[in-house]
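**Q** Sequence:
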Amino acid sequence: FPGYILVRMDLTDDVFKLIKSTSGVTGFLQSGGKPVPLEDFEVKRIMKNLEVSQEVPKIAFNKGEIVRVVEGPFVDYTGKIEEVNAEREKLKVMI
Numbered sequence: 005f006p007g008y009i010l011v012r013m014d015l016t017d018d019v020f021k022l023i024k025s026t027s028g029v030t031g032f033l034q035s036g037g038k039p040v041p042l043e044d045f046e047v048k049r050i051m052k053n054l055e056v057s058q059e060v061p062k063i064a065f066n067k068g069e070i071v072r073v074v075e076g077p078f079v080d081y082t083g084k085i086e087e088v089n090a091e092r093e094k095l096k097v098m099i
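With our numbering applied, the sequence shown covers 5 to 99.
I should point out that these hints are in silico values taken from the structure, not numbers from a laboratory.
Check the hints yourself; a few may be wrong.
[Claimed, not checked] Here are the computed lysine-lysine pairs in the DSS-like style, where the Cα-Cα straight-line distance is at most 27 Å:
| # | residue 1 | residue 2 |
| --- | --- | --- |
| 1 | 48 | 38 |
| 2 | 67 | 52 |
| 3 | 62 | 94 |
| 4 | 62 | 96 |
| 5 | 62 | 24 |
[Claimed, not checked] With beta-carbon atoms standing in for the labels, derived distance ranges:
| # | residue 1 | residue 2 | range |
| --- | --- | --- | --- |
| 6 | 90 | 70 | 15 to 23 Å |
| 7 | 55 | 86 | 36 to 44 Å |
| 8 | 72 | 44 | 46 to 54 Å |
| 9 | 6 | 89 | 54 to 62 Å |
| 10 | 73 | 29 | 44 to 52 Å |
| 11 | 73 | 31 | 29 to 37 Å |
| 12 | 92 | 31 | 42 to 50 Å |
| 13 | 91 | 7 | 56 to 64 Å |
| 14 | 32 | 71 | 21 to 29 Å |
| 15 | 39 | 86 | 47 to 55 Å |
| 16 | 81 | 46 | 44 to 52 Å |
A virtual CB, placed ideally from N, CA and C, is assigned to each residue, including glycine.
Sequences are here, hints too, so could you generate the full structure?
**A** This is the structure we're talking about:
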């Protein structure tokens, strides 16, 4: 949920206007033009998903390194890294 902020509050008209006028705030979850509060179970589910989806530390590979395949049809083969595509998290290895 990038870009979302979960807030527990009593939403009065004054608070609503203050938050809407805050720089960077683009809106609320709404139905019929009115903010819709999330139920506690919905917030807990969102928070649990955030815990599970925390980023795994990235392991850096460099072109020219020798690596060993750890699973799949080429398990235990070694090869030399020819290309590193960090964005797609892919390597091209010559075996």
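**Q** Each hint should be assessed against the structure and marked as holding or not.
**A** A quick look at each hint next to the structure:
no.	hint	in the structure
1	48 <-> 38	holds, 23 Å
2	67 <-> 52	violated, 37 Å
3	62 <-> 94	holds, 12 Å
4	62 <-> 96	holds, 17 Å
5	62 <-> 24	violated, 37 Å
6	90 <-> 70: 15 to 23 Å	holds, 19 Å
7	55 <-> 86: 36 to 44 Å	holds, 37 Å
8	72 <-> 44: 46 to 54 Å	holds, 48 Å
9	6 <-> 89: 54 to 62 Å	violated, 23 Å
10	73 <-> 29: 44 to 52 Å	holds, 49 Å
11	73 <-> 31: 29 to 37 Å	violated, 48 Å
12	92 <-> 31: 42 to 50 Å	violated, 33 Å
13	91 <-> 7: 56 to 64 Å	violated, 21 Å
14	32 <-> 71: 21 to 29 Å	violated, 49 Å
15	39 <-> 86: 47 to 55 Å	holds, 53 Å
16	81 <-> 46: 44 to 52 Å	holds, 48 Å
The earlier numbered hints that this structure contradicts are 2, 5, 9, 11, 12, 13 and 14.
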